[in-house]
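Following the hints, position chain B against chain A.
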Amino acid sequence: MPPVLATINGVVLKVAVAPGDRVAPGDELVVVESMKMEIPVVAEATGRVEAVLCAEGETVREGEPLLLIGGA
Amino acid sequence: MTTRDDGIGHALDDLAARRARARLGGGAERVAAEHRAGRLTARERIERLVDPGSFVELGLLAHSDRPEAREKSWSDGLVTGFAKVGGRAVAVEATDRTVFAGTEGHVFIRKAVALHALAVKRGLPVFNLAEGGGLRMPDGMGADGISKALMRPETLQGLREAPRLTAILGSSFGLPTWQAVTSDFVVQLAGTGMAVAGPRMLEVATGERVSEEELGGAKLHAETTGQVDVVADTEEQCIAHLQAVFAYLPANARAAPPAVAAADPPDRPVDELTAIVPTQKNRGYDMKRVVRVVFDAGSFYELKAEFGRALVTGLARLAGRPVGVIANNPLRNGGAAGPDECDKAIDFTCLCDAYSIPIVYLHDIPGFAVSSQAERRRMPTRIMTWAQANAAVTVPRASVILRKSIGMAYGNMMGALQGADLLVAWPTAEINFTGPEVGVNVVYHREIRAAADPAAARRALLGRWEQDSSPYRAAGEFLIDDVIDPRETRRILCAWLDAAYANGPVASARRLANWPMGF
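The listed protein sequences derive, respectively, from chains A and B.
Take 452 as the starting number for the first sequence in the working numbering and just add one per residue.
Take 159 as the starting number for the second sequence in the working numbering and just add one per residue.
Here chain A stands alone, though its shape is the one from the complex:
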């Protein structure tokens, strides 16, 4: 599966999953704070978190990979 990307420049407020976690569509993965809004990044498919590429408090840019998710 392609990496999960940031859709906006902002600061990672929360990483809600860890490597090995199973995720289903709609599950919250990461919350990015931008423009004073909490913007949840959610899973689009079922899978398992392979790697977390961001950390809480870190600044991310639009298009930057946040997580790697593999097939379930």
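Hints in this document: simulated from the structure, not taken from any laboratory.
All C-beta atoms, glycine included, are put in the ideal place defined by N, C-alpha and C.
Watch out, some of these pointers could steer you wrong.
Said to hold, decoys possible - Restricting the straight-line Cα-Cα distance to at most 35 Å, the calculated cross-link-like pairs of lysine-lysine (DSBU-like) are:
id	chain 1	residue 1	chain 2	residue 2
1	B	Lys230	A	Lys487
2	A	Lys465	B	Lys439
3	B	Lys242	B	Lys439
4	A	Lys465	B	Lys230
5	A	Lys487	B	Lys377
6	B	Lys230	B	Lys242
7	B	Lys306	B	Lys242
8	B	Lys377	B	Lys446
9	B	Lys279	B	Lys306
10	B	Lys306	B	Lys230
11	B	Lys446	A	Lys487
12	B	Lys439	B	Lys377
13	B	Lys230	B	Lys279
14	B	Lys377	A	Lys465
As the list claims (entries may be wrong) - Label-pair restraints from in silico Cβ distances:
id	chain 1	residue 1	chain 2	residue 2	range
15	A	Glu501	B	Met542	39 to 47 Å
16	A	Glu501	B	Gly245	54 to 62 Å
17	B	Ala421	A	Pro470	49 to 57 Å
18	A	Leu504	B	Thr432	34 to 42 Å
Quick look at chain B alone, frame taken from chain A:
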């Protein structure tokens, strides 16, 4: 049955045979091949689109002007005529892939030009069941061939005089693509490709090897280019979308958008709203849920759902009358509008302006997306192009501020002094030049940095600024019309539209009707 020995009988038999042969287009074998591939023929598509028995074909007996191609080019790859859809008169064209893969020969082009001219002259909407490989080879080759086959300027005139609704039902390069991107509405069949030129042309011209899906697939257009409004999985569903969107549109620019008998009471309180919109103002929610409960039940028809998702556009009804909806969606990027959202809003504003469709704006926007990426995509030009469209639009507009409406985005969403008939806010509205947190940081950055406890200093300053963002300040100076109970939103919008229509449907000045169809 009359006898066939009186002269006219032979003539009738001959006519019937010729017509039957012509209806097979490129021949029975090619028709069978289309059916085996699970595809409908051009005339079968038209039958599914139009009211039963209403289609009158023009040019059935036409064929390629190359004599050797006559027997395999009946109707020359384009089926045209007039018909009715939902009881209203329309013009229809459908590409026939059994004739030279639906490519455009000289007669094909003559038929397409004639149908467009008829539609413009009589104010008929055009339904275009499109596919095809572009200009026919060798007909279009050579300095003479291409000179005769260039797209005629008259076919790009009279756009937005009557709706042009296109379904992309197969591989489309050249003319079907040009027609789609100059249509008021486009639905693309999943699995098809729509592009300037096909993969085989690219391979030779530039060496790029790319699949049709990657080049111009439905997902690409739905999410990235915004050049199609809706994607559907079957030909029947594509045709159903054409019928569905037409139900909101007038037959032409001189007609009023069609109202229907309304079952949903205009004064229905919308109690669900308080549960949909979170009290924590930094949390997102799905604005589409708000739209679905405010407008007539089941009436919301979304356009470009997957493109520029922080802004929602679509057609809906209030007490049976069609309206356009432009709404921020805090579920996506907090509702912050970027370049795609601007293009989407402009495109939709032009549609509503051309067809006299009143517009309702629902605000929840923390501002335009400010980023170096957005600047590289000409964000200032896009914001101002949208503002120019708003400055020109004359259809009745109503504006409701649910929560945030910040800065220039407040203006573009039809905020104070922008010409809306009605501008109201919910008590949860937060109206400002910038979010108070940002404002405090910009103005008091020295004091905050110098304070013994910078966080406490920022909080203290913030308390004062948040007060300033409340809608009562704007209501107090009559810069907005009222602060309303959210549950009354539907009743107030229905009353506004009733008042707007007090003397009949309001004809738009249509200043945006001549903007390029790219918008």
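Status of each hint after checking the structure:
1. About 65 Å separates the Cα atoms of Lys230 (chain B) and Lys487 (chain A), which puts this hinted pair outside 35 Å; it is violated.
2. With a CA separation close to 18 Å, the supplied pair Lys465 (chain A) and Lys439 (chain B) stays within the 35 Å bound.
3. Distance hint between Lys242 (chain B) and Lys439 (chain B) is unfulfilled; the C-alpha atoms sit about 49 Å from each other, more than 35 Å.
4. For the suggested pair Lys465 (chain A) and Lys230 (chain B), the alpha carbons sit about 65 Å apart, so the restraint of at most 35 Å is broken.
5. With a C-alpha separation of about 31 Å, the suggested pair Lys487 (chain A) and Lys377 (chain B) falls inside the 35 Å cut-off, and the hint holds.
6. Taking the CA atoms of Lys230 (chain B) and Lys242 (chain B), the gap is about 29 Å. The hint holds against a cut of 35 Å.
7. About 33 Å separates the Cα atoms of Lys306 (chain B) and Lys242 (chain B), which keeps this hinted pair within 35 Å; it holds.
8. About 21 Å separates the Cα atoms of Lys377 (chain B) and Lys446 (chain B), which keeps this hinted pair within 35 Å; it holds.
9. At most 35 Å may separate the alpha-carbon atoms for a hinted pair to count; Lys279 (chain B) and Lys306 (chain B) meet this at roughly 24 Å.
10. Of the supplied pair hints, the one linking Lys306 (chain B) and Lys230 (chain B) holds, its CA atoms being roughly 22 Å apart against a limit of 35 Å.
11. Taken as a hint, the Lys446 (chain B) and Lys487 (chain A) pair is honoured in the structure, with Cα atoms around 22 Å apart against an allowance of 35 Å.
12. Distance hint between Lys439 (chain B) and Lys377 (chain B) is fulfilled; the C-alpha atoms sit about 33 Å from each other, no more than 35 Å.
13. Pair hint Lys230 (chain B) plus Lys279 (chain B) holds up; C-alpha atoms about 32 Å apart against a cutoff of 35 Å.
14. The hinted pair formed by Lys377 (chain B) and Lys465 (chain A) meets the criterion: a straight-line CA distance of about 30 Å does not exceed 35 Å.
15. Between Glu501 (chain A) and Met542 (chain B) the beta carbons are some 44 Å apart, a value that agrees with the proposed interval 39 to 47 Å.
16. At roughly 57 Å, the beta carbons of Glu501 (chain A) and Gly245 (chain B) sit within the given window of 54 to 62 Å.
17. Our hint of 49 to 57 Å for Ala421 (chain B) and Pro470 (chain A) holds, since their Cβ atoms are close to 53 Å apart.
18. Here the CB-CB span from Leu504 (chain A) to Thr432 (chain B) is close to 39 Å, well matched to the stated 34 to 42 Å.
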